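Build the full structure now, drawing on both the sequences and the hints.
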Amino acid sequence: MSNKIDAPINDIVTAIVASYRQDEYLIKVDAKNQISKESIIDILERLRSLIYIGFFTQKPLKFDSIEYYVGEQVEDLAYNLQKQIRLALRHRNPEGDWAKEAAWVTRQFLSRLPAIRSILATDVEASYEGDPAASDKDEIILSYPGIHAITVNRLAHELYLLGVPLIPRMMTEHAHSLTGIDIHPGATIGHHFFIDHGTGLVIGETTVIGNYVKIYQGVTLGALSTRGGHLLDGVKRHPTIESHVTIYAGASILGGSTIIGEGVVIGSNAFITTSIPERTKVSVKNTDLRLMTDKSQADAEFLQDEFWDYSI
Amino acid sequence: MSNKIDAPINDIVTAIVASYRQDEYLIKVDAKNQISKESIIDILERLRSLIYIGFFTQKPLKFDSIEYYVGEQVEDLAYNLQKQIRLALRHRNPEGDWAKEAAWVTRQFLSRLPAIRSILATDVEASYEGDPAASDKDEIILSYPGIHAITVNRLAHELYLLGVPLIPRMMTEHAHSLTGIDIHPGATIGHHFFIDHGTGLVIGETTVIGNYVKIYQGVTLGALSTRGGHLLDGVKRHPTIESHVTIYAGASILGGSTIIGEGVVIGSNAFITTSIPERTKVSVKNTDLRLMTDKSQADAEFLQDEFWDYSI
Amino acid sequence: MSNKIDAPINDIVTAIVASYRQDEYLIKVDAKNQISKESIIDILERLRSLIYIGFFTQKPLKFDSIEYYVGEQVEDLAYNLQKQIRLALRHRNPEGDWAKEAAWVTRQFLSRLPAIRSILATDVEASYEGDPAASDKDEIILSYPGIHAITVNRLAHELYLLGVPLIPRMMTEHAHSLTGIDIHPGATIGHHFFIDHGTGLVIGETTVIGNYVKIYQGVTLGALSTRGGHLLDGVKRHPTIESHVTIYAGASILGGSTIIGEGVVIGSNAFITTSIPERTKVSVKNTDLRLMTDKSQADAEFLQDEFWDYSI
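Protein chains in written order, with this note's numbering: chain R, 1 to 312; chain F, 1 to 312; chain P, 1 to 312.
Among the clues, some could well be false.
It does not matter which identical chain is used: a pair holds within one copy or between any two.
[To be verified] Lysine-lysine pairs mimicking DSS-like chemistry, simulated, CA-CA at most 27 Å apart:
(1) K83 to K236
(2) K62 to K37
(3) K137 to K83
(4) K28 to K236
(5) K100 to K236
(6) K100 to K59
(7) K59 to K236
(8) K236 to K37
(9) K83 to K37
(10) K236 to K137
(11) K62 to K236
(12) K137 to K62
These are computed hints drawn from the structure, not numbers from a lab. All figures in this text were calculated on a predicted structure; none of them were measured in a lab.
This is the structure:
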């Protein structure tokens, strides 16, 4: 024990260290280097800078010399990503070195970047077409949380497909923290995807989404029940959304065999657990409202600051 | 190509650079300096420090000498803000220099700060009056997300009114990221505005809100449909909320001609697309609940971890 | 006035300083050191590193020498926390020194860390058992927002119980900002608590939650009305949730005398203001949907991009 620690703190330190002998899965000691969250976030920032080139870099870039800049960035990125992937693979299986596998996965991933850029371009386009409040595409790239979330998701999804543990979810949870949009890296999402506002949106692991789909804040694409726990690993638990579907705010669509057909429009707050045929519009029929317009009574309650009587 | 890049990475770099010749609106090269998100965030932090003077500065301030501190802060702020506004104006119209316009706009904006402080003081007051959990006004200023969001919104709204492109939305989306509260800088909001909890709140661009309005988490003040896309630019698409209205959690109020009259109380989860006369209370009438209290059956299901049968 | 400030800025500075003579509760000058938000965040990071030892530290730790690391961390932590607690106590009552009280509270708090670790271990376990998408417990500790939120809450709750002003709420609002999960530090929460997704979850100050409770995104455990304002200080305004209860997404449970009995399952979007007996399943019965399947009409509307007619 360091003699810098005075007596009263000493017993606290001893008690904390003693607690490390319990709840073993909360400790990560006597292990080699751990995956670094900071590193994962830095990798995401660099990837975003490469995709939306010039938008998130402070110094002005020239097209003539851009290969030098990109080369340097990709080199750093490849080095860091490969290191984290190696740690993630070793995390899943501590036997073995995984350096070669990590190098191969990193290479595969980076070679997908141009294709990821192309599909993200369709998402930016869909965001511009779908939102009257968007003044131009630059505003969307610079500030829209939906574009941030789908950018991170498309990157994380590639790593997920390549079988990388831990990192894809760390990436999407970082985006979730910044945007309130929670898309599992396993979800499969078509082109021209538009999320408006987005806070509270949840898209589960086995969700499949077609092209030209538009989703608002507070929507859940979820499982009907997760009471089966890990028996449900790998089972399709989340819905399929076909192309040209619009899902308004607060709607929930649940279940692995629920299919929302092409061109369907789902109204706000709809709660759906069965398939909907194509080109159907679905709205909540009877959320009847109770209006209390007896002014003398309402006034009295208002002025007396009385209890607000919910009708349920 | 830098010779630091080894062969395997080289072709990835070439492919990425080639991809920059497509999807041109994802690239920002051969351009002059770009608007800096970091700079916008720094400007917001400095504005907040000036408004709630002493709350967000580490060194203790003395009233006698406060002009020196404020002078230095405003000087730095004016310099940085003017630069970003100039970049934003040039972004909208690359012809011209915009230095003079940027200087004028910056000056107009900064001269509104005392008025912005005064109205924010009413918001802090309303937050204190409305929330039994608030221990004092300092707690509100230091920690309430609603105050953070409305502070940023009132600042961004002034820049929006002054016709500054991009920056107002970058500011409010930064606040959205930190608070889950998404208020478009175009929204017009009266004094004594109180947001409680706030996560998931969406307030659209053309919303007009009176005085003493109180709004809870998950509320949407939105458009009925955005399928008109950019044909709807400038059209009033979002509701008008008159003074002394309370809107409980999860309610949606949609449409540009929807007017919620003075003193109305909107109950949780109400979905409203028509105007409501003044001093009315609106609640959702018939979200009838199905209670399954057959204990033997419920027990069996509970113990067997069976599928939970949603009633829909 | 500094002569570095040119004339046009000078009058703006004067106006801002003049505004400090109004709205006095927005200013914090002529005061001693203020509580530092940065310091509170740093304290939270250090606490998290100690609890999930090795997960959030960059250098690999060895069990043999871990006391040195923990000792150094606890020493720094105790110093900083004691300082902030002293500032918080002086904030509430500027008379007196509070150094001794702050030292005692800090010591009490730090000695609770092993117990806090034990209960958080049950939360990690419950998260793993409840979520088929969780690949292992490390993924949960490294990336799940629910675990982040409950970790901060259990720490803040101890400080709340010890009567520390301001700091507990600053801690939970920081977690709210990162996770979208808003748990008041006053809430009492049992072991094996599992939050899935979590965005938009609100748990009020006087809520009491049993063991093995599972809550999804968008749930509100709230007050029926807060129109009584500070007359309601200390009154139980939020519900009691007994053990083994599951609350699905978007449900609201309101009121201080509302008790949700053991083993109850609350379906999505249920709105509950009365007690529910044990082992009952509650679901929303009649959110009937209106399906418009007349294809010719639906097609026409779809193609013409017409107004979407909400059924309300």
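Check K137 against K62 for me: Cα-Cα at most 27 Å, and say if that holds within a copy, between copies, both or neither. For K137 and K62, only the intra-copy Cα distance (21 Å) is at most 27 Å; the inter-copy one is 46 Å.
Between K100 and K59, at a C-alpha cutoff of 27 Å, which is it: within one copy, between copies, both, or neither? between (35 Å within a copy, 24 Å between copies)
Within, between, both or neither, where K83 and K37 count as close if Cα-Cα is 27 Å or less: Result: close within a single copy only, 13 Å intra versus 29 Å inter.
Is it within, between, both, or neither for K137 and K83, if the alpha carbons may be no more than 27 Å apart? Result: close only across copies, 22 Å inter versus 35 Å intra.
State whether the alpha carbon distance between K28 and K236 is at most 27 Å within one copy, between copies, both, or neither. The answer is neither: 33 Å in one copy and 41 Å across copies each exceed 27 Å.
For the identical chains here, do K83 and K236 meet the 27 Å Cα criterion within one copy, between copies, both, or neither? Neither way: K83 and K236 sit 32 Å apart in one copy and 52 Å across, limit 27 Å.
Give the relationship of K59 and K236 under a CA distance limit of 27 Å: within one copy only, between copies only, both, or neither. neither (46 Å within a copy, 39 Å between copies)
Is it within a copy, between copies, both, or neither that the alpha carbon of K236 lies no farther than 27 Å from that of K37? neither (29 Å within a copy, 40 Å between copies)
Since the copies are identical, ignore which copy is meant and state whether K236 and K137 lie within 27 Å (CA to CA) inside a copy, between copies, both or neither. between (35 Å within a copy, 22 Å between copies)
Given identical chains, is K62 near K236, meaning Cα to Cα at most 27 Å, within a copy, between copies, both, or neither? Answer is neither: 47 Å inside a copy and 42 Å across each miss the 27 Å cutoff.
Given identical chains, is K62 near K37, meaning Cα to Cα at most 27 Å, within a copy, between copies, both, or neither? Between. Shortest inter-copy distance 20 Å satisfies the 27 Å Cα cut-off; intra-copy 32 Å does not.
For the identical chains here, do K100 and K236 meet the 27 Å Cα criterion within one copy, between copies, both, or neither? The answer is neither: 32 Å in one copy and 59 Å across copies each exceed 27 Å.
Checked against the numbered hints above, the structure violates hints 1, 4, 5, 7, 8, 11; every other hint is satisfied.
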